[in-house]
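Visitor: Residue numbers (the numbering used here), protein chains in the order written: chain A, 1 to 109; chain B, 1001 to 1117.
Everything labelled a hint here was simulated from the structure, so no lab data went into it. No residue lacks a Cβ here, since even glycine has one placed at the ideal position from N, Cα and C. Honestly, I wouldn't trust all of these hints.
Here are a few chain A residues that face chain B, going by a calculated C-beta distance under 7 Å [unchecked claim]: (1) L43; (2) N45; (3) Y48; (4) G52; (5) F86; (6) K96.
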Amino acid sequence: GIQVEQSPPDLILQEGANSTLRCNFSDSVNNLQWFHQNPWGQLINLFYIPSGTKQNGRLSATTVATERYSLLYISSSQTTDSGVYFCAVERNQGGKLIFGQGTELSVKP
Amino acid sequence: GAGVSQTPSNKVTEKGKYVELRCDPISGHTALYWYRQSLGQGPEFLIYFQGTGAADDSGLPNDRFFAVRPEGSVSTLKIQRTERGDSAVYLCASSLKRLAGGFGELFFGEGSRLTVL
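Bound-form chain A, shown alone:
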């Protein structure tokens, strides 16, 4: 099956810093989504981005489908950005998303 690798596994930032999280996948995909899991466990959808670039406030994402990777950019980080960021992909259009292991982000005040 398709493999999803996220890096780095852990990241500690000072409030106000910028960061880039990476997601590599082993095969072509029709669906790629980024999620944030907050410290209470709630998973929030950030982006649906199988290709191209999207921005939402301080967050933006870029997927280069031909090179099988996606990047999530967080600018001017805040303590509320802390949590685990997951990338999830689907190879076909069948609805089965495969999640990476996540990047755990801690933003210090």
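Place chain B on chain A using the hints.
Guide: Then chain B, alone, in the frame of chain A:
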């Protein structure tokens, strides 16, 4: 409802018992998914429904696990003869089908934490 609702939020049971976990998706979402998440891991796919039928149940670990969605809305995940290794957070999500094909953003519930003693 406004979001995906899961009950119970916490369930503690004894090894060998039967458990049911319920998911009420976002109104109008045709696709419903069950995932399982262990501590420190990403969510692991179990099954998804398109309407009333299970479109892909390849993630169910064994025949002790079963899920239904009889009217195309609420779903129940059923676990028979629970084992300690079944302890995890069980997550439900729903989504719309995209006009261009495939499925859109997944919206997750808060999960049901199952502990098997």
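Visitor: A separate judgement is required for each hint: does it hold in the structure or not?
Guide: So, going through the hints one by one against the coordinates:
The criterion of a C-beta within 7 Å of any C-beta in chain B is met by L43(A), whose closest approach is roughly 4 Å, and the hint holds. Residue-level restraint check for N45(A) holds (minimum Cβ-Cβ distance to chain B is 5 Å; threshold 7 Å). Hint status for Y48(A): holds, given a least beta-carbon distance of 5 Å to chain B, under 7 Å. Checking G52(A) against chain B by beta carbon gives a least distance of about 14 Å; that is not within 7 Å, so the hint is violated.
Interface hint status for F86(A): upheld, as the beta-carbon distance to the closest one in chain B is roughly 6 Å, under 7 Å. Interface hint status for K96(A): upheld, as the beta-carbon distance to the closest one in chain B is roughly 5 Å, under 7 Å.
This entry does not satisfy hint 4, going by the numbered hints stated previously; all others are met.
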